[in-house]
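> Keeping their order, the protein sequence lines are chains P and Z.
Residue numbers for the first sequence follow the numbering used here, so the first one is 1 and each next one is one higher.
Residue numbers for the second sequence follow the numbering used here, so the first one is 1 and each next one is one higher.
Be careful, since some hints might not be right.
[Unchecked claim] Partner residues are not named here, just some residues of chain P that face chain Z (Cβ under 8 Å, in silico):
hint: 1; residue: TYR16
hint: 2; residue: LEU410
hint: 3; residue: GLU435
hint: 4; residue: TYR495
[Unchecked claim] Pairwise CB distance ranges, derived in the manner of DEER restraints:
hint: 5; chain 1: P; residue 1: ARG53; chain 2: Z; residue 2: VAL91; range: 50 to 56 Å
hint: 6; chain 1: Z; residue 1: LYS319; chain 2: P; residue 2: LYS13; range: 50 to 56 Å
hint: 7; chain 1: Z; residue 1: VAL306; chain 2: P; residue 2: LYS13; range: 20 to 26 Å
hint: 8; chain 1: P; residue 1: GLU430; chain 2: Z; residue 2: PRO194; range: 25 to 31 Å
hint: 9; chain 1: P; residue 1: ARG359; chain 2: Z; residue 2: TYR302; range: 51 to 57 Å
hint: 10; chain 1: Z; residue 1: SER322; chain 2: P; residue 2: ASP229; range: 50 to 56 Å
[As the list claims (entries may be wrong)] Pulled from the structure, derived: some chain Z residues nowhere near chain P, Cβ distances all over 12 Å:
hint: 11; residue: ILE62
hint: 12; residue: THR109
hint: 13; residue: LEU137
hint: 14; residue: VAL139
hint: 15; residue: ILE147
hint: 16; residue: ASP149
hint: 17; residue: PHE161
hint: 18; residue: VAL236
hint: 19; residue: TRP300
hint: 20; residue: HIS307
hint: 21; residue: ARG317
No lab work stands behind these hints, which were simulated from the structure alone.
Since this is a predicted model, take the numbers as computed values, not measurements.
C-beta atoms are modelled at their ideal positions from N, C-alpha and C, and glycine is treated no differently.
Below are the chains, spelled out letter by letter.
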Amino acid sequence: MAKFTAKPNELSKIDYTPPKTHWLETPVEIREHMFCHAAKPKDLETVGFPYGREWRPNDEDWKLPENWKTIIFEGMRSLLKKYRSFQVFMDICVRCGACADKCHFFLGSGDPKNMPVLRAELLRSVYRGNFTLAGKILKKLAGARKLTANVLKEWWYYFYQCTECRRCSVFCPYGIDQAEITMMGRELTNMLGLQIGWIAGPVANCYMKGNHLGLEPHTITSSMEFFLDDIETITGIKIEPTFNRKGAEILFVTPSGDLFANPGTYTAMGYLMLFHELGLDYTWSTYASEGGNFGFFTTNDMAKRLNSKIYAEAKRLGVKWILGGECGHMWRVVHQYMDTWNGPADFLEEPVSPITGTRFDNARATKMVHIAEFTADLIKNSKLKFDLSRNDHLNVTFHDSCNTSRGMGLLEEPRYVLKSVCNNFYEMPEDTIREKTFCCGSGAGLNASENMELRMRGGFPRANAAKYVHEKYGVNMCAAVCAIDRVALSTSFEYWVPGVAVCGLHELVGNALVMTGEKERTQDLRLEPLPGKEVAE
Amino acid sequence: MGSIVSLIAVIVLILIAYTGVKAANLHFLFGVVIPYAAVTVFLTGFIYRILKWASVPVPFRIPTTCGQQKSLPWIKQNKIENPSSPFWVVVRMALEVLVFRSLFRNLKTQLTDGSRLVYGEAKWLWLAGLAFHWSLLIVLIRHSRFIFDPVPSFLHILEQFDGFLQIGVPVLFVTGVVLLVSVTYLLIRRFFIPIVRYISLPADYFPLFLIIAIAITGIEMRYFTKTHIVGVKELVMGLLTFNPKTPEGIGWIFYVHIFLVSALFIYFPFSKLMHMGGVFMSPTRNMVNNSRVKRHVNPWNYPVDVHTYEDYENDFREKMKSAGIPVEKE
Ligand code: SF4
Ligand code: SF4
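Construct the entire structure; sequences and hints are all you get.
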């Protein structure tokens, strides 16, 4: 495959005029750099997904199983009986178009099939043709069509161009959530082995090894050693976290991405420093070493299978409650699915902060608290001391992650923490934050490298808003409470708005946190010199 | 294309009723049989669809949250956009249904200077949608003067408000005009906004043309031909008391009007018009965001294969031991 080389000024020339031919008559064109490689058969086999085979998305022949149409129809029938959301969303869209220009992929590509309404119609047209009376009688007049191999390809192409961000759902008068429809669409493609490698690999890893990256237990501890050394260099304090420790009060679960790749690693350092300073009785787990859940981007069952480890481990270790790190889709899952799948967590206790005594009533059934909630409570109760000047070299903005804003409503907690640890905070434009936030462009398992054009197009609206505050206020750092954001936005900003770096909330907490017995800090968590501090010495 | 097919369909419907009454004298068919059939289809179809939706479980609690969650007591929750109790869900739903809250949020996103996205107000769709639905409702309620004898006082009051402009004899009802204007706007935007045109299907044009035709025939009867109201009332009362009759002196326009309304009723349960019921059943809007407070039960939850801790330790026991990680079995 040729490398993706398009320049930002070429990519931002976007034409929103729809093509001359009607979408039902415009066959899908599977374009390089816009899709991910197919899943490796062995990854599908590891978790028992069907029809693992060698195939390539841009091949003519996808080597579909003989009875693939039957599989799809049976699959649709069963999903329609299981999910009211799916059934209702198939039936009630009035095609008003309010959602059309709300999707970052449409805004970044101009491809009309990236309008949420049309993305849904791709599936709805087949639904109408096979599951509704009007569609069966009126056929094309009712907007119905037959399922063909080309239609299936079109589904696949566009369901893996949706990051399940739910922005469309905010604006739809009926709350029609394309994320939900995409999830159904992906269930269907999965029934035919049409998974993508970037999702199937992490899923298999997570199933066997406990985390997406496939870090084995000893690798987790040794990569943590690096952070601990860095923390010692910066603060002079040697931290000794524990792993799989029975009897700890709290189990801490966070996305594995933060243990491995910059800039997430700095966030992990922030956690370690905070917990150490608090003297928190907590443990990491190598078995439940993944907060994120790429299974969520395949099938409901797979998501549940991966998620089960968190409660199982909490039970085995005998902890009282669970604290969750910064991650977007992890929190969609924890907040809206975990208890339903794998609860009730009656072996745990209602979460109470051991430091402030605050009872987290809002997590009393699921028994899992978001770290931004936890830290905000600490700060409100004046349990932490900060030296804000250590973040003075940063002009910070905040990116709301799709899932925590639209699938939970975690908006003020991270802002409160941010404003408590840094002096220079600037919001991006109103229509691009909070519930109207734009996706990083790489969510829902699409942060591969072969689909770079798609990612940059999808990241365009977010980066555009960052560029605005970069130019207006000199913003040079964007904080996000999501591991995928930290990786994806880094790439996207490098492309669209060089000069804005990305960090986690707890990196900035770690920077500012005044720790007992620390030496005079001269470096931030990235081991970069703190401006002004070297002068003081 | 889609619009022409739909327009033709509506014209054909009008011609059917016209020839049926004018040429074939089928007053009873168009005045009695078809309206009965239409109401029957509408009611059974509507109820069937609602029951069908209701019979499908809601396995997960998936509200789309559009504001601050309830978490720490000192953080101000957005109770409407992120409700944590049924009461506030009712408020949220009421705002959706009565004033189209989500549509009010609508934005217009445009690319300017070649590379800058700007977001602007876009309230026309909301305004037209709201005007259309409300005026349709009021017009419908006004029609109940045909089924009450004597006409109840609330209707007189409603009519007084509706006719506040005091123009003409009979007095001009504002809602009739608003209905026609707003529905025309909704049609025109499908022609002129390129992406809306692109997503529109015959099923989107057809009900608009149909409603326009219904409104025009209605207005025509009230203000121009001044239909034989007493006769119409007699017909409608006959239908209601299951003692149907077709009085003399009712013009063909009335039969066209009632036939189009019948067509709308029959079409309703099979079409997107079911959004009228569906709006109440959308899980992203009608659910409480309390999934961490109260366990939501999925009726079809079933056990799945998992990779247990034991499996994991068996795979990695030696590596764990050498890294100093505690194990269950030495
Ligand atoms: S906003 Fe909702 S009803 Fe309107 S086109 Fe989009 S999905 Fe359909
Ligand atoms: S969920 Fe997000 S990515 Fe998917 S269609 Fe809606 S706005 Fe686009």
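> Now, for every hint given, state plainly whether the structure supports it.
Status of each hint after checking the structure:
Interface hint at TYR16 (chain P): satisfied, since its Cβ lies 7 Å from the closest Cβ of chain Z, which is below the 8 Å cut-off. Proximity of LEU410 (chain P) to chain Z holds as hinted, the smallest CB-CB distance being about 6 Å (cut-off 8 Å). Annotation: interface hint on GLU435 (chain P) holds; nearest CB of chain Z at approximately 4 Å, less than 8 Å. Annotation: TYR495 (chain P) was flagged as interfacial toward chain Z, and the flag is violated, the nearest CB pair being 13 Å apart, outside 8 Å.
Judged by the Cβ atoms, the range 50 to 56 Å given for ARG53 (chain P) and VAL91 (chain Z) holds: they are separated by roughly 52 Å. Our hint of 50 to 56 Å for LYS319 (chain Z) and LYS13 (chain P) holds, since their Cβ atoms are close to 52 Å apart. Range check, VAL306 (chain Z) to LYS13 (chain P): Cβ separation about 49 Å, and the 20 to 26 Å hint is violated. Judged by the Cβ atoms, the range 25 to 31 Å given for GLU430 (chain P) and PRO194 (chain Z) holds: they are separated by roughly 27 Å.
Judged by the Cβ atoms, the range 51 to 57 Å given for ARG359 (chain P) and TYR302 (chain Z) is violated: they are separated by roughly 34 Å. Checked against the given bound of 50 to 56 Å, the beta carbons of SER322 (chain Z) and ASP229 (chain P), roughly 20 Å apart, lie outside it. With a minimum CB-CB distance of about 6 Å to chain P, ILE62 (chain Z) fails to clear the 12 Å threshold, and the non-interface call is violated. Against chain P, the non-interface label of THR109 (chain Z) is violated: not every CB pair exceeds 12 Å, the least being about 4 Å.
The claim that LEU137 (chain Z) is not at the interface with chain P holds, since no C-beta of that chain comes within 12 Å of its own (minimum 16 Å). Non-interface call for VAL139 (chain Z) relative to chain P: holds, since the shortest CB-CB distance, roughly 20 Å, exceeds 12 Å. Look at ILE147 (chain Z): its CB is around 29 Å from the nearest CB on chain P, clear of 12 Å, so calling it non-interface holds up. The beta carbon of ASP149 (chain Z) is kept farther than 12 Å from every beta carbon of chain P, the shortest such distance being approximately 37 Å.
With a minimum CB-CB distance of about 27 Å to chain P, PHE161 (chain Z) clears the 12 Å threshold, and the non-interface call stands. The claim that VAL236 (chain Z) is not at the interface with chain P holds, since no C-beta of that chain comes within 12 Å of its own (minimum 29 Å). For TRP300 (chain Z), the shortest C-beta to C-beta distance to chain P comes to about 6 Å, within the 12 Å cut-off, and the non-interface label is violated. Distance to chain P contradicts HIS307 (chain Z) as a non-interface residue, since its nearest Cβ pair spans about 5 Å, not more than 12 Å.
Under the 12 Å C-beta cut-off, the non-interface status given to ARG317 (chain Z) relative to chain P is violated; the minimum distance is some 9 Å.
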